[in-house]
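**Student:** One-letter residues, chain by chain:
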Amino acid sequence: MLAQIYYNVRMMLRNTGIVIWCFAFPLIMATIFMTMFAGMQSNQTLHTIALGVVEDANWQEATGLRTMLEELTRTNTDATEDEKPLLALTGYTDRAAAEAGVLAGEVDTALVVDADGAARLLVSPSDAGSTDQGIVQTILDRYLQSEELAGALAESDPTVLASAETRATLAQNLSGEQASTAELSVLREPPSELSRFYYALLGYSCIMCSTVAQTLIDRTRIAATPEGSRRQVGALSPARQLAAALVASWLIVMASMMLAVSFFYVVAGVSFGGRVWLTPVACGACALVSCALGAFVGSLPGVRPDVKDGLITIATLTLSLPAGLFGTPALEVANWLSQHAPLVQLFNPAVQATEAMLSLTFYDSLAPFASACGRLLVIAALLGAGALIFMRRQRYAHS
Amino acid sequence: MPIVRIAVRLIAEHRVLFVVYVLLFSVVGSFAAGSIGPMSAAYEAVRPVVAVVDRDNSIISRALTGHVAATSEMVGIADSTRALQEAAAKNYADYVLVIPSGYGDELARAARAGADAPDLENVVSYTSARGALMDERVRSYVQELYAMAAARPSANTEELVRLVDAAQEAGVTVETVDAEMPGLPVTYLVYCQFALYALFGGIAAIVGVGLADLRAPEVRQRIGATPVPSTTFDAQIAGAIALCGIAVWAINAAVGIALYADELARVPVALTALMLVILFALMLVGMAFGFLIWQLGVRRELVHAIVNITAMIISFLAGTWVPLANMSAEVLAVARFAPGLWAVSAMEQLVRATSVTSELAASVLGNVGIVVLFALAIAAAGIAIGRARQAVA
Numbered sequence: 005m006l007a008q009i010y011y012n013v014r015m016m017l018r019n020t021g022i023v024i025w026c027f028a029f030p031l032i033m034a035t036i037f038m039t040m041f042a043g044m045q046s047n048q049t050l051h052t053i054a055l056g057v058v059e060d061a062n063w064q065e066a067t068g069l070r071t072m073l074e075e076l077t078r079t080n081t082d083a084t085e086d087e088k089p090l091l092a093l094t095g096y097t098d099r100a101a102a103e104a105g106v107l108a109g110e111v112d113t114a115l116v117v118d119a120d121g122a123a124r125l126l127v128s129p130s131d132a133g134s135t136d137q138g139i140v141q142t143i144l145d146r147y148l149q150s151e152e153l154a155g156a157l158a159e160s161d162p163t164v165l166a167s168a169e170t171r172a173t174l175a176q177n178l179s180g181e182q183a184s185t186a187e188l189s190v191l192r193e194p195p196s197e198l199s200r201f202y203y204a205l206l207g208y209s210c211i212m213c214s215t216v217a218q219t220l221i222d223r224t225r226i227a228a229t230p231e232g233s234r235r236q237v238g239a240l241s242p243a244r245q246l247a248a249a250l251v252a253s254w255l256i257v258m259a260s261m262m263l264a265v266s267f268f269y270v271v272a273g274v275s276f277g278g279r280v281w282l283t284p285v286a287c288g289a290c291a292l293v294s295c296a297l298g299a300f301v302g303s304l305p306g307v308r309p310d311v312k313d314g315l316i317t318i319a320t321l322t323l324s325l326p327a328g329l330f331g332t333p334a335l336e337v338a339n340w341l342s343q344h345a346p347l348v349q350l351f352n353p354a355v356q357a358t359e360a361m362l363s364l365t366f367y368d369s370l371a372p373f374a375s376a377c378g379r380l381l382v383i384a385a386l387l388g389a390g391a392l393i394f395m396r397r398q399r400y401a402h403s
Numbered sequence: 218m219p220i221v222r223i224a225v226r227l228i229a230e231h232r233v234l235f236v237v238y239v240l241l242f243s244v245v246g247s248f249a250a251g252s253i254g255p256m257s258a259a260y261e262a263v264r265p266v267v268a269v270v271d272r273d274n275s276i277i278s279r280a281l282t283g284h285v286a287a288t289s290e291m292v293g294i295a296d297s298t299r300a301l302q303e304a305a306a307k308n309y310a311d312y313v314l315v316i317p318s319g320y321g322d323e324l325a326r327a328a329r330a331g332a333d334a335p336d337l338e339n340v341v342s343y344t345s346a347r348g349a350l351m352d353e354r355v356r357s358y359v360q361e362l363y364a365m366a367a368a369r370p371s372a373n374t375e376e377l378v379r380l381v382d383a384a385q386e387a388g389v390t391v392e393t394v395d396a397e398m399p400g401l402p403v404t405y406l407v408y409c410q411f412a413l414y415a416l417f418g419g420i421a422a423i424v425g426v427g428l429a430d431l432r433a434p435e436v437r438q439r440i441g442a443t444p445v446p447s448t449t450f451d452a453q454i455a456g457a458i459a460l461c462g463i464a465v466w467a468i469n470a471a472v473g474i475a476l477y478a479d480e481l482a483r484v485p486v487a488l489t490a491l492m493l494v495i496l497f498a499l500m501l502v503g504m505a506f507g508f509l510i511w512q513l514g515v516r517r518e519l520v521h522a523i524v525n526i527t528a529m530i531i532s533f534l535a536g537t538w539v540p541l542a543n544m545s546a547e548v549l550a551v552a553r554f555a556p557g558l559w560a561v562s563a564m565e566q567l568v569r570a571t572s573v574t575s576e577l578a579a580s581v582l583g584n585v586g587i588v589v590l591f592a593l594a595i596a597a598a599g600i601a602i603g604r605a606r607q608a609v610a
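Each protein sequence line maps, in turn, to chains H and V.
The end of the first sequence is residue 403 by the working numbering, with every number in the run present.
The end of the second sequence is residue 610 by the working numbering, with every number in the run present.
Mixed in with the good hints there might be a few duds.
Ranges of calculated distance between the beta carbons of each label pair, as one might list FRET restraints [as the list claims (entries may be wrong)]:
(1) V271/H / D395/V: 50 to 58 Å
(2) A92/H / A229/V: 51 to 59 Å
(3) L549/V / A92/H: 17 to 25 Å
Which residues of chain V face chain H? A few of them, derived with a C-beta cut under 10 Å, are [as the list claims (entries may be wrong)]:
(4) R279
(5) V315
(6) R516
Worth flagging that the hints you see were computed from the coordinates, not collected in a lab.
The model shown is predicted, which means the values in this text are computed figures rather than measured ones.
Virtual Cβ for every residue (Gly too), placed ideally from N, Cα, C.
Given these sequences and hints, build the entire structure.
**Tutor:** Pasting the structure below:
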């Protein structure tokens, strides 16, 4: 049987398709992720917003507003090197020029100050409601509300703002930062969209590699392939041949996933939350799912081998999508499903593989990791049971 | 023409590939576009997804929660470490605000004493600036409360909240600039960006797998013995590839127009037509790539691998998966040497377009020209390889 396992492994490793899809592809994708996202990590900090300004007489008169905005175009003196200013102002001579600039997408939004000092923001209809416009709006709102509050205060109780000193204190307080926020760190390490892509890639591997088990098992079964029929008349019992095929495919899938994990860990710098030693557990469970899925697809009665290949490809694409492999929109679909249709996600091995790695990296407790691995085992058991039922039925049909 | 007929029949036998590569990827594209949500031309301040965990439950904390709710889409998150962790790891909300217990009293006390108020706690999403925007809104509101509490030490909390809430009415007016005409909807743009995969990878996969039989030695020998010159043979294969490409383009375009018929009806037909021209140019690149794959004589089982990996890289470099704005300068420099960037930037011009002008058409067609040049370059490589192989044989 050991010899069978050995030759099964050798046979698979000589299959160019399998080597490309199960071993090279995750590494190629990881490399793409690495280069593509190299500049993306700083996305959470604000970037510079292009704000157009109509620099007419009204703008020159709005001293307070102008000073406040100009202040925001400068970086803090104590800022770190990569910190960028919040705003960059672009001057326009009149409103028509500003409108043209907004429509052409030169600036995110443009500011016009009316003759009575009222501020207006101009936005383009194709881009109305962007986050950057929201930020500019919030800054201007805050400035206008401060004026409003000072006015309301003076109206309700003139004594409060009687002295210049109290007025200065109020102005300082309104623009100050005494009431602020602090970022909580609830996770073991800061989250990044990137790590989810890497983990989704493991989910992909798990399903794509089921083609290994499918091919190997088909080669042990009578009438499924010519090799299968030949082997069935050999000395080794069918059960042991099946076992050898399963062990060989488990080993290959495990090797593929561990190769990917070590590439992520060593080259891509994915830390796995410092628990990389636990990744083989998850990979082992994933490899079991992979074998069971391969056995299941392989055992489907009356399906041609090339259709089985197609089925595995379709399964890989459709199951990896809700795990978040194909970019940010896929991640949103994944989140939506997790929140609204958790059952669908529960039985998706690609999702559970991603979930296991995510829990390992980010959560303090290992319980979510253990339950994700448990769910993987349940999925493997269900698929294995299905495969067994189909294989038995076929055997009866042939006897 | 008999070879064209045979080739077309061979391709038609691989209908499954059309379903997988063209229909499936078209649907994935519309799925991705659907996540953006409907667009409206009127300005509406962006409403980030926010969760508030109120451990204080004071007048101030309730007022703050109310203010946050007015400017965001609220989702519920349980007040447990596990729930907060899951929300942060999976990015359920752009911004999670945790109001510590006793915050309201502390804020008022600090303001009266002129000291710093205790910090509110937050979890800001790492994906966009929306969390930062919400943080700006929250800090702005509590700072106003702080300033009022400092200015009116004797006033009770309800009064302070009333003052600040009344001031929220004040704000800058936002006007949408009147455009002569609306540009193409963004949802359709996303759909067309995803079409890149079907047009580039789909055609090559269908051609590579479908026509593999024509490369079988027995078939080649038999065709070689017929009075068909090899140039005619190649030309007929190219013709079959062209038919296949046009079929893929037509399916993808028809699905797109059917899915976005309502939105597109409001847009000048010329914009949609220009978009179809861009897609057609991308299809030419896919056709050229398919021809290259055919000339290289890639083995059937390797076709999918090569095609998918190349298509992924090409669509990545086109900004289909991650916006180009988020990529580093080095990657952008590389992206210039791939057709996707040019096609997608032409598509974006159509979305930003406010009127159909000859400059717009010229600029879009200029980009289309660059894409076509990519197609020509790849096709030329295919022809060169074919010639080199013939010389060796």
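**Student:** Next, verify each hint and record whether it holds.
**Tutor:** Comparing the hints with the structure gives:
{"no.": "1", "hint": "V271/H / D395/V: 50 to 58 Å", "in the structure": "holds, 53 Å"}
{"no.": "2", "hint": "A92/H / A229/V: 51 to 59 Å", "in the structure": "holds, 56 Å"}
{"no.": "3", "hint": "L549/V / A92/H: 17 to 25 Å", "in the structure": "holds, 20 Å"}
{"no.": "4", "hint": "R279", "in the structure": "violated, 16 Å"}
{"no.": "5", "hint": "V315", "in the structure": "holds, 6 Å"}
{"no.": "6", "hint": "R516", "in the structure": "holds, 8 Å"}
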